[in-house]
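Enquirer: Chain by chain, the residues:
Protein chains: 2
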Amino acid sequence: MKFTIQPIGTIHSPFSTKDQMPIQSIRSTAHGKVEVFKEFEAGLDGIEGFSHLILIYIFHKSEGYQLRVKPFLDDHEHGLFTTRYPYRPNPIGLSIVELISREGNNLTVKGVDVLENTPLLDIKPYMPDFDIRHNFRAGWYETRSKP
Amino acid sequence: MKFTIQPIGTIHSPFSTKDQMPIQSIRSTAHGKVEVFKEFEAGLDGIEGFSHLILIYIFHKSEGYQLRVKPFLDDHEHGLFTTRYPYRPNPIGLSIVELISREGNNLTVKGVDVLENTPLLDIKPYMPDFDIRHNFRAGWYETRSKP
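Each protein sequence line maps, in turn, to chains A and B. Note that the first sequence covers residues 0 to 146 in numbering that gives the first Met the number 0. Note that the second sequence covers residues 0 to 146 in numbering that gives the first Met the number 0.
The following block holds chain A by itself, in its conformation from the complex (with noise of 0.2 Å):
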């Protein structure tokens, strides 16, 4: 069973390079541009209400993967499936980064954590309600070895 997905438009971000890269959005400032193609823009009505969004995408520079991977923040090797490491048997990132600004079918947003030209694959809002839990446990990521 294989499917096929087409993007629906191309992140734009200042970073062109794997080793410009801020590791996750939440730790990047940087803002880049979510150019949705013309043919999807109706489907933004009212995107400026929201604050943040939940960018997925295809991690277009990723090729193979190994299951075991060391993270960026971590010295040790850990269960890829327990990473966000961008190599992986689907290669789909996935972003909450803050909405800036809409001129039209381009959105202006903070956070950016990808590469420039990333096919974008969806937009969904980030939904407090649906999007935060409490009482977690975070496994390696609690005992890394990297801040």
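To be clear, the hints were calculated from the coordinates, so they are not data collected in a lab. Incorrect hints may have been included.
Copies of the same chain are indistinguishable here, so a pair counts whether it falls within one copy or spans any two.
As the list claims (entries may be wrong) - Below, simulated BS3-like cross-link-like pairs (lysine-lysine); rule was C-alpha separation at most 25 Å, straight line:
#1 LYS1 <-> LYS60
#2 LYS69 <-> LYS37
#3 LYS1 <-> LYS37
#4 LYS1 <-> LYS32
#5 LYS32 <-> LYS60
#6 LYS17 <-> LYS1
#7 LYS37 <-> LYS109
Dock chain B against the given chain A, drawing on the hints supplied.
Expert: Frame of chain A, contents of chain B only:
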């Protein structure tokens, strides 16, 4: 530009038809099973340390889409990308579930809001430092017509 994606597992849920479905995982107390295919099992190493997981999957019963939709929680139409509506250009869904236990390549989770046999694309750890945002605005959701 097209991408091919292939499931890494299957989500089992008590819901076999759409009208049985809870709206959003945070409103669901249903238990389900995330079956990760054996070949990917090593990627789960250490996942027991995490209380919550982000599941990324295909809305496999979704067909077509409209760019303006009436979400389940409101009587007014809104841009598709301001909603979590399942009929999308790329029918990719995202749910945050609570991890109850792991038995090999099977995860028992709580808060399932997907249909039985949903194709799983990825698992990412829920990391409060990355995934919790404060000072948010949630557009139409804040003045919606349904509880």
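Enquirer: For every hint, state whether the structure bears it out.
Expert: Checked hints:
1. In the homo-oligomer, the alpha carbons of LYS1 and LYS60 lie at most 25 Å apart both inside one protomer (21 Å) and across protomers (14 Å), since each shortest distance falls under that limit.
2. Taking CA atoms no more than 25 Å apart as the test, LYS69 paired with LYS37 passes between copies only; the shortest distance there is 21 Å, against 40 Å inside one copy.
3. Taking the closest pair of Cα atoms, LYS1 and LYS37 come within 25 Å of each other only across two copies (18 Å); inside a single copy the shortest separation is 27 Å, beyond that limit.
4. Proximity of LYS1 and LYS32 under a CA criterion of 25 Å is satisfied inter-copy only: 22 Å between copies versus 31 Å inside one chain copy.
5. For the homomeric pair LYS32 and LYS60, the shortest alpha-carbon distance inside one copy (19 Å) is at most 25 Å, but the shortest distance between copies (32 Å) is not.
6. Within a single copy, LYS17 and LYS1 get their C-alpha atoms only as close as 29 Å, which misses the 25 Å cut-off; across copies the closest is 23 Å, which meets it.
7. In this assembly of identical chains, the alpha carbons of LYS37 and LYS109 lie at most 25 Å apart only when taken from the same copy (22 Å versus 39 Å across copies).
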